[in-house]
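Engineer: Given chain P, put chains W, Y and H with the ligands in place with the hints provided.
The primary structure of each chain is shown beneath.
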Amino acid sequence: MSAPTPTATPVPLESVELACDFGPLKLRSPILTASGCFAYGQQFAEFMDLRQIGGLSTKGISPLPRHGNPLPRIYETASGMINSIGLENVGCEAFLTEKLPFLADLDVSVWVNFFGTDFETYVDCAKTLSEGGEGRIDVLEMNISCPNIKKGGIEFGTVPEVAHRLTKACVEASEVPIVVKLTPNVSDIVAMAQAVKEAGAIGVSLINTITAMAIDVRSRRSRIATTYGGLSGPAIKPVALRMVHQVAKALPGFPICGMGGILTGEDVLEYFIAGAHCVQLGTINFSEPGAALRVTRELRELMAELGIERVQDAVATLGGYEAEPAHAEVSPWA
Amino acid sequence: MSAPTPTATPVPLESVELACDFGPLKLRSPILTASGCFAYGQQFAEFMDLRQIGGLSTKGISPLPRHGNPLPRIYETASGMINSIGLENVGCEAFLTEKLPFLADLDVSVWVNFFGTDFETYVDCAKTLSEGGEGRIDVLEMNISCPNIKKGGIEFGTVPEVAHRLTKACVEASEVPIVVKLTPNVSDIVAMAQAVKEAGAIGVSLINTITAMAIDVRSRRSRIATTYGGLSGPAIKPVALRMVHQVAKALPGFPICGMGGILTGEDVLEYFIAGAHCVQLGTINFSEPGAALRVTRELRELMAELGIERVQDAVATLGGYEAEPAHAEVSPWA
Amino acid sequence: MKRAVAMAQFQVEVVANRALTGGYFVLELASEQDNAVGGAQPGQFVMLRGEWGRDLLNGRAFSVLEAIDARRFTVMLKVFGRGTGKMREMQPGERMTVTGPLGRGFPQPDAQPDGGAGSGRKQLLVAGGVGLPPLHFHARRLVGRGKADAVEMFYGGRSAAELVLTEALDEWGVQTVLATDDGSRGVEGRVTVPLTARLDAAAEAGEAVEILACGPTPMLAAVRELGLARGVPTSLCLEEMMACGFGVCLGCAVPVYGPKPYKYCCTDGPVFDAKEVRW
Amino acid sequence: MKRAVAMAQFQVEVVANRALTGGYFVLELASEQDNAVGGAQPGQFVMLRGEWGRDLLNGRAFSVLEAIDARRFTVMLKVFGRGTGKMREMQPGERMTVTGPLGRGFPQPDAQPDGGAGSGRKQLLVAGGVGLPPLHFHARRLVGRGKADAVEMFYGGRSAAELVLTEALDEWGVQTVLATDDGSRGVEGRVTVPLTARLDAAAEAGEAVEILACGPTPMLAAVRELGLARGVPTSLCLEEMMACGFGVCLGCAVPVYGPKPYKYCCTDGPVFDAKEVRW
Ligand SMILES: Cc1cc2nc3c(=O)[nH]c(=O)nc-3n(C[C@H](O)[C@H](O)[C@H](O)COP(=O)(O)OP(=O)(O)OC[C@H]3O[C@@H](n4cnc5c(N)ncnc54)[C@H](O)[C@@H]3O)c2cc1C
Ligand SMILES: Cc1cc2nc3c(=O)[nH]c(=O)nc-3n(C[C@H](O)[C@H](O)[C@H](O)COP(=O)(O)OP(=O)(O)OC[C@H]3O[C@@H](n4cnc5c(N)ncnc54)[C@H](O)[C@@H]3O)c2cc1C
Ligand SMILES: Cc1cc2nc3c(=O)[nH]c(=O)nc-3n(C[C@H](O)[C@H](O)[C@H](O)COP(=O)(O)O)c2cc1C
Ligand SMILES: Cc1cc2nc3c(=O)[nH]c(=O)nc-3n(C[C@H](O)[C@H](O)[C@H](O)COP(=O)(O)O)c2cc1C
Ligand code: FES
Ligand code: FES
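Chains as they are written, first to last, in full-length UniProt numbering: chain P, 1 to 334; chain W, 1 to 334; chain Y, 1 to 279; chain H, 1 to 279.
Same shape as in the complex, but just chain P (with noise of 0.2 Å):
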């Protein structure tokens, strides 16, 4: 038996109140966009107010521009498709003078999503980064999972001890507060996130794509000239959702971005009462490039309909079942 469902008391649309804090941060709303789904906003302006969205994450900035990957680059799978751009992006001196002003005058939470290649580009990037941004960045958010690079090593993101240095010298390199983005390809993504939690990072970012892989059998070659890429999509929201849950069970309070295979408010509901603080839209970008508003105001409905006044009431309120009843040979009916 599926147990009734509790009765909610709806609230007027009104009294809805999606300003909430990721830590140290304010958000006007926890709906933000996801690195390497939003480019550096631009393109968006076209489709809707940017105002509106809670803040963005850019494309992932390296000290030096790079080119990205040979193509294939993409491919569509069963609910979700695999990427290897290749961490393609302007470079930081770029970013700051070309990218970063654009930005700044939206007057959103500024996420500037960045990696760098060997233990040393990291730091110097979080360095220039911070110095450079002037004020106008409000989380560099480090992503230590991309599958895609091939130098700089799968360590950063699979063995705690190795994020928790990089972290540690990243955050001290930077005065904007760091985010670390986890990759979901790891035994244990608890200890990962008690690492960088240690090493000073504010929060945490879950998750990134899964490695995968897709084969044309006629050409008998992977549909990504690099053989992997990474999964994204309606696909993954589940491994998402329970990463999520497992870090914010172990880890009460300290703030989680949840991402992966958000479509709808129902999604980011789902979210935070697995315990993300807030979430990150990616993959739903690229079809609909307005889907950032209409999400906020499915989710804004969906907490008026259950009577959620303020987002952080819903943060991290996964309930369970009752028992049932206990099992006996003998009914107590008959």
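No lab work stands behind these hints: they were computed from the structure.
Keep in mind the model is a prediction, meaning the values are calculated, not measured.
Check the hints yourself; a few may be wrong.
[Stated by the list, open to error] Pairwise CB distance ranges (calculated):
| id | chain 1 | residue 1 | chain 2 | residue 2 | range |
| --- | --- | --- | --- | --- | --- |
| 1 | H | 158 | Y | 32 | 32 to 40 Å |
| 2 | W | 219 | P | 330 | 53 to 61 Å |
| 3 | P | 323 | Y | 230 | 22 to 30 Å |
| 4 | P | 64 | H | 279 | 33 to 41 Å |
[To be verified] Short, incomplete list of chain P residues facing chain W, as computed with Cβ under 8 Å:
| id | residue |
| --- | --- |
| 5 | 120 |
| 6 | 217 |
| 7 | 320 |
Ideal placement from N, C-alpha and C gives every residue a C-beta, glycine not left out.
Structural biologist: Structure of chains W, Y and H with the ligands alone, referenced to chain P:
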């Protein structure tokens, strides 16, 4: 530019040979059905001629019968489903007396999936099944990867040294060859495969389900009574295929039974090309109990079309991309 | 209560998709060859799936509403989630895959002359919402055998619009008590209100009755309480999440009292003796 | 070649789904309000997606075949995979989402009087298979401006059935050379056979021509070879895997010569100067 498809010379349907080897085993067809998705086989006799499948893996057997988890136990997600059945099974004894005779009569490859709740019961189980099977069991498929079992420890499936020790003990206790079924919930699948190979397993089954969750936002509970369950179905195929390829590349020739989201003959061929020697069909059996035969037919037709006469002609044949012409500022065409 | 006919999987075409009030609709499905659903027992169900590709993987369970002949049958449903949403939009000519008939149906009023459930007692059919179809089918079958007076229907919904297919019951001469939460049709209140009165009357008159119920879980829990408190044999037709429908996924466990803690909704049920259900 | 009109995302309804020969079909789509595709340039494309749920996530790219008016336009396609398979089955009244118009179209024959591509040279349009729509649209536009003689069409397919929409070309008075692999219509052989003859004739006559080509990659590679070897300005309309269509996923990279190793099919193309393509 996607390179042109290599032109294949079709062969007649009759010359397609599905019989193949899996290490020391001879399989009549590489298409088996997966543990937990085929019960003990009987129910499927109403839908198809079971003698036409390559073999089947039984529901996981433990030394003693188990009753399984409270409900809800299953939930559908985007292109997949989550389950937490709780390894319900009839136990070794009832399996040997009540279920095995039916399977032995089918004259297909009988894989008995098994597990214990700790080191000793794993070994016990292997021994009991090996002895009690009296030659009617072809493979003991050791499940060290079930996300739904509380006792027994996640370490069996995630720490190579622990998996090695356990596998070694079971191999020594059993006359029947052991295939170890690995969990995808690890940072390094190759290390796991390597460990069980060195312990004497004749092959690995890849992959079991990915730990996952979904939330009912109205009741604020997990859709699964035990909070987490295992994700299966087409959603996970890209992850499974990647792991099969990683292991096949690292351990050439080591038999791999591939599974995860197979729906079509083309899916099967993808697994072969990635490096699987045979495959299992799981979730598809629920909605289409005759799927194994349709998929067999599709595979045969596709092999004929592509001029692949024997299964092993396709195994581990993934090719690469030609390099793009070197980049230059000035076009050679200019 | 053994399965009456062999189950099988077969293709059907949507013949009609008829809207009723209250968001309910009836799909009429037909196969090219005779199918086993023609011989379905009331309470048995089918797993249905459209040509939906890689998402919406598993079939959806629906009670048979009517086995029209050896090739045609109907189900009644409303939009619940994605699968039923797609079914609402289906057009005549579209194809679906059916597995069934599955499960065990309701006890027959004359099936077992040994004094247990189904022993010639008057059957009080208690239906709520999408719980109507199997009981409607049950009534139809008995009417077809000239036994309209073997059953009485108690049928509840939130409002008049949610009570559907009642004309047929009238036509058949099946005594029917309707109840709506808002009083817009029939008795005002839950269906358990008139049912209680009926049970009390039966007890007073020493009349042998039994209950067959299908509907939302809270309703079934209340009906069980009422029935068993009075020693009235009570059968509940349950719904659980199902992936396969034929006993292999073990997803549809129903907690029970008895030698084992679980039975399976799809193969042991969906109709269970209220006494054995462990809620 | 800047984007002529702002792109946007909007809803359309399928007005008609017309089968042609060879498995091709034309979808006519209409929005309730004026849409920007009405002002599309030939060579620009749209991303289309039906109400397909959680699978088939991204839009599919299709060249505009005709911008009928400010609300209606058509695309021409054939079944390639799952998305186009669903589109084949679409019925009038079904809804789709459109993003577009996207990308940069073909050079106009009179656009640039500076001697570069599009400088009043005669345009040889070379189409193969699903490469027809943008060139057909281009010819239609020029005809509409009374310039049927600014273009000549070279159109190839495997067999007669694969050559579609040729009546319109005849009607418009566009000089057209057809070629089929099996000789069932027009010249026997690849479309490059008559194209070679035409290029050689132009060279001999000192006639200024340019090539605009769209079709399968091997055809484009051959056309590039022919054109550039003779110093003929050549534009290729390319296809790459696309997720977004508007420059944010970086999935549709095209390897090029120039300051950077990649350009993007969706924003820098789909029409590229053959010289810059790095194949
Ligand atoms: C024996 C039986 C008979 C039924 N008879 C009817 C009927 O006659 N008319 C009717 O309207 N409904 C009936 N149902 C309920 C019907 O199966 C669900 O409404 C339907 O599965 C919901 O599918 P969905 O895709 O719209 O919902 P979603 O929420 O999108 O479905 C997600 C998944 O959950 C499963 N699921 C969700 N709810 C249920 C449920 N209640 N029971 C089983 N699986 C569920 C679906 O099958 C699917 O796998 C019956 C259920 C059972 C078990
Ligand atoms: C600029 C441009 C214009 C096009 N114009 C036309 C046209 O007018 N008529 C026509 O029939 N086809 C055209 N195509 C090709 C068309 O986009 C593909 O045939 C279509 O995307 C295949 O989708 P599917 O779902 O059937 O295939 P699937 O193989 O199921 O698609 C899987 C994924 O791959 C992508 N994909 C597959 N092939 C291509 C491709 N060639 N280009 C881009 N993405 C692809 C799909 O968008 C989808 O995301 C055009 C492509 C581009 C890039
Ligand atoms: C095309 C593409 C490019 C991406 N690039 C980056 C990146 O540069 N840095 C990063 O941290 N994550 C990147 N991601 C991962 C997303 O930010 C996000 O974590 C992931 O896609 C899961 O969310 P989704 O399922 O909503 O897309 C990329 C994802 C996609 C699909
Ligand atoms: C309901 C269900 C029960 C399962 N039970 C078992 C099990 O007992 N032992 C096991 O090793 N794997 C079990 N599996 C995992 C499958 O055998 C298979 O590895 C997995 O589902 C991936 O394949 P698929 O995507 O084709 O389903 C189960 C899967 C499902 C869906
Ligand atoms: S639904 Fe699969 S066992 Fe009942
Ligand atoms: S399709 Fe996304 S950048 Fe071109």
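Engineer: Evaluate each hint against the coordinates.
Structural biologist: Hints and how they fare:
1. 158(H) x 32(Y): 32 to 40 Å: holds, 35 Å
2. 219(W) x 330(P): 53 to 61 Å: violated, 31 Å
3. 323(P) x 230(Y): 22 to 30 Å: holds, 28 Å
4. 64(P) x 279(H): 33 to 41 Å: violated, 27 Å
5. 120: Violated, about 24 Å.
6. 217: This interface hint holds because 4 Å falls under the 8 Å limit.
7. 320: holds, 7 Å
The structure shown violates the earlier hints numbered 2, 4 and 5.
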